[in-house]
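**Q** When you number the sequence shown by my numbering, it's gap-free, plus one each residue, and the end is 107.
Any given hint could be a false lead.
[To be verified] Label pairs and their in silico Cβ distance ranges:
no. : residue 1 : residue 2 : range
1   : Gly97     : Thr73     : 16 to 22 Å
2   : Gly104    : Ile33     : 36 to 42 Å
3   : Leu22     : Val88     : 23 to 29 Å
4   : Val88     : Ile56     : 36 to 42 Å
5   : Ile33     : Gly97     : 30 to 36 Å
6   : Ile91     : Val58     : 16 to 22 Å
Source of the hints: derived by calculation from the structure; they are not laboratory data.
All values reported here derive from a predicted model rather than from experimental measurement.
Using N, Cα and C, we set each Cβ at its ideal position, and we do this for glycine too.
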Amino acid sequence: MTLLFLALAIATEVTATVSLKLSEGFTKLVPSIVVVLGYGAAFFFLSQALKRGMAIGVAYGIWSAVGVAAIATIGVLFLGERLTLIQVGGIGLVILGVLALELGGAH
Numbered sequence: 001m002t003l004l005f006l007a008l009a010i011a012t013e014v015t016a017t018v019s020l021k022l023s024e025g026f027t028k029l030v031p032s033i034v035v036v037l038g039y040g041a042a043f044f045f046l047s048q049a050l051k052r053g054m055a056i057g058v059a060y061g062i063w064s065a066v067g068v069a070a071i072a073t074i075g076v077l078f079l080g081e082r083l084t085l086i087q088v089g090g091i092g093l094v095i096l097g098v099l100a101l102e103l104g105g106a107h
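Model the full structure from these sequences, guided by the hints.
**A** Written as structure tokens, this is what we have:
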């Protein structure tokens, strides 16, 4: 159940972030509403994962790393953005950092 709440937190945060781009500075009503509701839901679901015992460093690390990778991918595939090799490497480093947190906490 904890991982389900974390997955919901990630999905709603990614949805809110894409909507932030689509809101064009909060000038478009529907994407602006999705931003507010999405970030609220993301923090609610993250709090539920934490409440059920997930370590905050691991939860936030996974939440942000998966979010960064997902947003970068969505930006390239659907929003006409580009990724350089250095940016791809940076995303990889973020993911490695989260793995280090997870593996380090297993002892």
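**Q** So does Ile33 sit 30 to 36 Å from Gly97, Cβ to Cβ?
**A** 33 Å, holds
**Q** Could you see if the CB distance from Ile91 to Val58 stays within 16 to 22 Å?
**A** 18 Å, holds
**Q** Kindly confirm whether 36 to 42 Å is satisfied by the beta carbon distance between Val88 and Ile56.
**A** 28 Å, violated
**Q** Between the beta carbons of Leu22 and Val88, is the distance compatible with 23 to 29 Å?
**A** 24 Å, holds
**Q** That 36 to 42 Å hint for Gly104 and Ile33 (C-beta), does it hold up?
**A** Holds: the Cβ-Cβ distance is about 40 Å, inside 36 to 42 Å.
**Q** Range first: 16 to 22 Å. Now tell me if the beta carbons of Gly97 and Thr73 are that far apart.
**A** Taking Cβ atoms as reference, Gly97 and Thr73 lie about 18 Å apart, which means the hint holds.
The earlier numbered hint that this structure contradicts is number 4, and it is the only one.
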